[in-house]
Amino acid sequence: MHLLFLAHRLPYPPNKGDKIRSFRWLDHLSRKYDVHLGCFVDRQEDMAHVETLRPGLASVAAIPLDPRLARLRALARLRPGMPLSVGYFHDRRLRAWVRQTRRNHPIERALVFSSAMAPYLDDADGLPTLFDMVDLDSEKFAAYGAESGGLRALVWRREARTLLALERAATARFTRTFLVSDAERDRFTALAPETGARTEAVPNGVDTGFFDPGQDWPNPYPPDRPAIVFTGAMDYRPNIDACLWFAQSVMPDLARDRPGPVFHIVGADPAPQIRALAAHPSINVHPDVPDIRPYLRHAALAVAPLRIARGIQNKVLEAMAMARPVLTTTAALTGISAIAGRDALVADDAEAMLSGARAILRGEWPGLGAAGRASVTANHGWSTALAALDRVLA
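So the mapping is simple: this note's numbering equals the position in the sequence shown, first residue as 1, plus 3.
The hints are simulated quantities; they were obtained by calculation from the structure and are not laboratory data.
You may find that some hints are simply not true.
As the list claims (entries may be wrong) - Here are the simulated DSSO-like pairs of lysine-lysine, each with C-alpha atoms no more than 30 Å apart in a straight line:
no., residue 1, residue 2
1, K35, K19
2, K35, K22
3, K143, K22
4, K35, K143
As the list claims (entries may be wrong) - DEER-style ranges, computed between Cβ atoms:
no., residue 1, residue 2, range
5, M50, V292, 32 to 40 Å
6, R98, P293, 29 to 37 Å
7, P262, A79, 53 to 61 Å
8, E111, R80, 43 to 51 Å
Backbone N, C-alpha and C define an ideal beta-carbon position, used for all residues, glycine too.
I would like the entire structure built from these sequences, with the hints used as guidance.
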């Protein structure tokens, strides 16, 4: 059986949130179907990974995407009611490939990953199609608009309105829509009540065999100061906001403790304001890390102080899987089957974040890391999520 899989980003390497989920789904489906993958490649170095995926797929169209040109294209294609995101990911080559693939192969199923790819199947014509919205992107842009001002706020609010209209229309057109958590699904059905019968939550998982704290890695940190770690793509606005807030609102007080901890920001493509934090003697930025597991394994504390968070935070799941004490916000823990105060600590303001960090660094929560790993092992295996996908496809 042939399946068409459309994704806004090459699902490899699985080193950031959306790519982890899309790779897991692609890998699983390619064992059962002849999969035709159409996607964009927005990092030049990722083009080499196309060949990693190709042997397991029936065909691949990996379209290079230059983010700077894509932003200009989005503005040039701006029309009333059209999200900028749709213009950003519009490409005639991919649209032609989709038409040709459907014409030349007996495509019997389709999976559309992310709302920006929905227009590529606006003529599904009865083709059974699963729509993995993952996070509710319209709400993310609404949050951006709420915390911005001036023209920027107007742009974000417009994007939120137009994306919500696209999400509703795509859900009505496609066979089934997935979101990453019950919280995301509930919010979507509150905004679009007519979608309730066509949506369900399919959570992310974590590979607890890969993220295994029992493996032996060399310690990447200096031995004389406790390490606090944040992991994630550092060109992503919510991650940038979280690290800047923690660096400015919590670290100055923590740095005065003895021994003063060091805040380690581990993630690719750090924005200029993140790179600038490395000038502080108690903050290190690690932009080119091939494997985050040693940085998690040897950290005294993993933080996820996200103030803007949608869906399930893989960084939290991975840190818990590595049995690290986790200090996070309510927003970043949403959708994760964890009990605050047992599996992770939750703090939503600077004073509580400072108090929680100090308590963990003083050794006052000795069982927190082990409880976190037990929780994700019991509740967040990929087998659960993939079983839900198989059930709907069947």
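We went through each hint and held it up to the structure:
In summary, the hint linking K35 to K19 is supported, as the alpha carbons are separated by about 25 Å, within the 30 Å threshold. Distance hint between K35 and K22 is fulfilled; the C-alpha atoms sit about 20 Å from each other, no more than 30 Å. Note on K143 and K22: the hinted pairing holds, with a Cα-Cα distance of about 18 Å set against a maximum of 30 Å. Annotation: proposed proximity of K35 to K143 is violated, straight-line Cα distance about 34 Å (limit 30 Å).
Under the hint 32 to 40 Å, the C-beta atoms of M50 and V292, about 21 Å apart, miss the expected range. Between R98 and P293, the C-beta spacing of about 35 Å keeps the proposed range 29 to 37 Å intact. Checking the proposed 53 to 61 Å range against P262 and A79 shows it holds: the Cβ atoms sit about 54 Å from each other. Look at E111 against R80: about 32 Å separates their beta carbons, and that is not inside 43 to 51 Å.
Hint compliance for this structure: hints 4, 5 and 8 are not met, and every other hint is.
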